[in-house]
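Enquirer: Given the sequences, and given the hints that come with them, work out the whole structure.
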Amino acid sequence: MIALENVRKVYRTKRGEVPALDGVSFSVAAGEFLTVRGPSGCGKSTLLLTIGGMVRPTQGTVTVDGKDVYALSAAQRAAFRADNIGFVFQMFHLVPYLTVLENVLLPTAAGGGSAGEAEALALLERFRMTDRAHHKPAELSTGERQRAALARALLRRPGLLLADEPTGNLDPENAAEVMSYFTEYHHEGGTVVLVTHEQAAADHAHRTVTIRGGKLAQ
Amino acid sequence: MSVAALLFKEIRFRWLSFLLGLFAVAAAVTLFVALLSLERASEDETRRLMRDLGFNLVIVPKDTNMEDFWASDYADKEMPEEYVERVANAKNVSAEHYVAMLRKRVAWRGKQVLLTGVLPELGALGKKKKSPMGFQIPPGSAYVGYELWRSLGISDGDTVEVLGKRLKVVHCMFESGSKDDISLYAHLHDVQAMLGKPGRINTIQALGCMCYGERLPVLRQQLNEALPEAKVSEMSAIAEARLETRHMVAQYGGLILLIVLIVGTLWVAVLSFLNVREREQEIGILRALGIRSGQIASLFLWRAVLTGLVGAVVGFAAGTMLCLQLGPGLFKITHAKIAPLYPLLGWSVLVAPLVAAAASFLPTMAAVTQDPAVTLVRE
Chain A
0 MIALENVRKV
10 YRTKRGEVPA
20 LDGVSFSVAA
30 GEFLTVRGPS
40 GCGKSTLLLT
50 IGGMVRPTQG
60 TVTVDGKDVY
70 ALSAAQRAAF
80 RADNIGFVFQ
90 MFHLVPYLTV
100 LENVLLPTAA
110 GGGSAGEAEA
120 LALLERFRMT
130 DRAHHKPAEL
140 STGERQRAAL
150 ARALLRRPGL
160 LLADEPTGNL
170 DPENAAEVMS
180 YFTEYHHEGG
190 TVVLVTHEQA
200 AADHAHRTVT
210 IRGGKLAQ
Chain B
0 MSVAALLFKE
10 IRFRWLSFLL
20 GLFAVAAAVT
30 LFVALLSLER
40 ASEDETRRLM
50 RDLGFNLVIV
60 PKDTNMEDFW
70 ASDYADKEMP
80 EEYVERVANA
90 KNVSAEHYVA
100 MLRKRVAWRG
110 KQVLLTGVLP
120 ELGALGKKKK
130 SPMGFQIPPG
140 SAYVGYELWR
150 SLGISDGDTV
160 EVLGKRLKVV
170 HCMFESGSKD
180 DISLYAHLHD
190 VQAMLGKPGR
200 INTIQALGCM
210 CYGERLPVLR
220 QQLNEALPEA
230 KVSEMSAIAE
240 ARLETRHMVA
250 QYGGLILLIV
260 LIVGTLWVAV
270 LSFLNVRERE
280 QEIGILRALG
290 IRSGQIASLF
300 LWRAVLTGLV
310 GAVVGFAAGT
320 MLCLQLGPGL
330 FKITHAKIAP
340 LYPLLGWSVL
350 VAPLVAAAAS
360 FLPTMAAVTQ
370 DPAVTLVRE
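These protein sequence lines map, in sequence, to chains A and B. Each residue of the first sequence is one higher than the one before, counting from 0 in numbering that gives the first Met the number 0. Each residue of the second sequence is one higher than the one before, counting from 0 in numbering that gives the first Met the number 0.
Don't read these hints as lab results, they were simulated from the structure. All of these numbers come straight from a predicted model, not from anything done at the bench. Possibly wrong hints are sitting among the right ones.
Derived CB-CB ranges, DEER-like [claimed, not checked]:
| # | chain 1 | residue 1 | chain 2 | residue 2 | range |
| --- | --- | --- | --- | --- | --- |
| 1 | B | A365 | A | G111 | 26 to 32 Å |
| 2 | A | G111 | B | A357 | 28 to 34 Å |
| 3 | A | E16 | B | A357 | 48 to 54 Å |
| 4 | B | A338 | A | R55 | 33 to 39 Å |
| 5 | A | T141 | B | L15 | 22 to 28 Å |
| 6 | A | Q198 | B | L361 | 44 to 50 Å |
| 7 | B | L257 | A | K66 | 48 to 54 Å |
Virtual Cβ for every residue (Gly too), placed ideally from N, Cα, C.
Expert: Quick look at the structure:
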């Protein structure tokens, strides 16, 4: 499903070059649940965004579902992302001026795909959010926000779900609920790459890789 | 969910930010429309005031001695009355408001009087007919200068006899401090009859072009081609005064418009930057969801275009109202002519969205090129 080959990412700052990833190579099988762990600033989020076609590596190749992601044009990469990858972030990133239902429907703005309002409402029902469908994000609890973000990520039935500390802002109860949805998605055949600090979240995975100083430690 | 729906929902959510942008554009367009409308009104007023200064060209028979002309205020030579039609109908003479005159100094009731016969004005061929600048005296009537009517006890409606012809005084003129105060004006044909000079004139007065450069040599050449039997002289002080006034109005108006344009553009650009900054994470998530950079750019550019469009309409209405309110106080003579300049609406609607979009271009580029690694993982 995913193959990273000697991936290197260097950020050029005013203070010089900062390596975020340094020769990272690994692969993730289709249907696998992988967690990425490591200290803050070690390059975990950069790794996730690199896999998702959001951050072009300075060196190396990233293959997702048989496609060299960075060999695609920007428009092709955007379409590929829309069709194949779902993102979930720690800060939810719900669009504040849209209702929950509209946020879940946001991926349809990219065009393509057949998912519509019926699918969105079904996802909201699955995540116990039906009564919140017409609320704005500011009116939701943090657990509800993350469930709405997860519903948005899953609207177009992506084969790959990339999550960056999805339970980082949640209390244990909500974190457990959100992780149960990840597990559900995984059991339905989805591939999950989850960046986390938390052992409880990592316990859901098949495999854990650790990043330290931009390098794969395990 | 369409990009257009996103655009309108965002505007409704951040209405204050949109209103501030709208205010910037509307303020700029208001000033633009008000200034141009007032400048147009000012031009009309200036033209009218300057016109009231009098004609600035005198066309006299070619063999006129100009020393005598300036000393006596009329040419000692004469020319046929038909010359006024010839010069007015000439294609390439840059002047208008032609008035044929016959003027002589005569003794009347113990006074030295400048007896002046004038023909109704002729406009230049091919130019829009304009309201007359000078007197339009009907046959059998007279306008009497201030010193004459005051010293001779003449009043409006009196009948006076001048060189054997009876004329009705239709207007006792205000004191002007010029030779008009000792002048008696009548219809040209009446004066020709009084002086025994039918079909003759000795001066054609006209209003020359108000342009910089070699006015007089050009005009002389034009006149030489159209009417070789005559020559032209310019009352340059009047001409320069007109020219300077118009130039000054145009110059200051242009400067203010430039400042308004720059300030308005910067304002819209700053607001666009703030909008992009406020929406960094939203842009990041849109990209993560597969929405293309072009679609994201269109969100910002259409927002700017909408700001410009609505601002242009509001600004045009406000600027026009401002002009209609201020105009009558500023332009006492021509205020009735002040009216909305509808072509400015077209220009505003065309230019304001373009300028707003141009001002938002850099912020938009910043939006679509920002690093999602920075915005999406920021806590």
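Enquirer: Please go over all the hints and tell whether each is borne out by the structure.
Expert: Here is what the structure says about each hint:
Here the CB-CB span from B/A365 to A/G111 is close to 27 Å, well matched to the stated 26 to 32 Å. A hinted range of 28 to 34 Å for the beta carbons of A/G111 and B/A357 is consistent with their spacing of about 32 Å. As the Cβ distance of A/E16 to B/A357 is approximately 35 Å, the hint placing it in 48 to 54 Å is violated. Between B/A338 and A/R55 the beta carbon distance is about 60 Å. The supplied range of 33 to 39 Å is therefore violated.
Checked against the hint of 22 to 28 Å, the C-beta distance between A/T141 and B/L15 comes to roughly 27 Å, which is consistent with it. In this structure the hint that A/Q198 and B/L361 lie 44 to 50 Å apart at CB holds, the actual value being about 46 Å. Between B/L257 and A/K66 the beta carbon distance is about 53 Å. The supplied range of 48 to 54 Å therefore holds.
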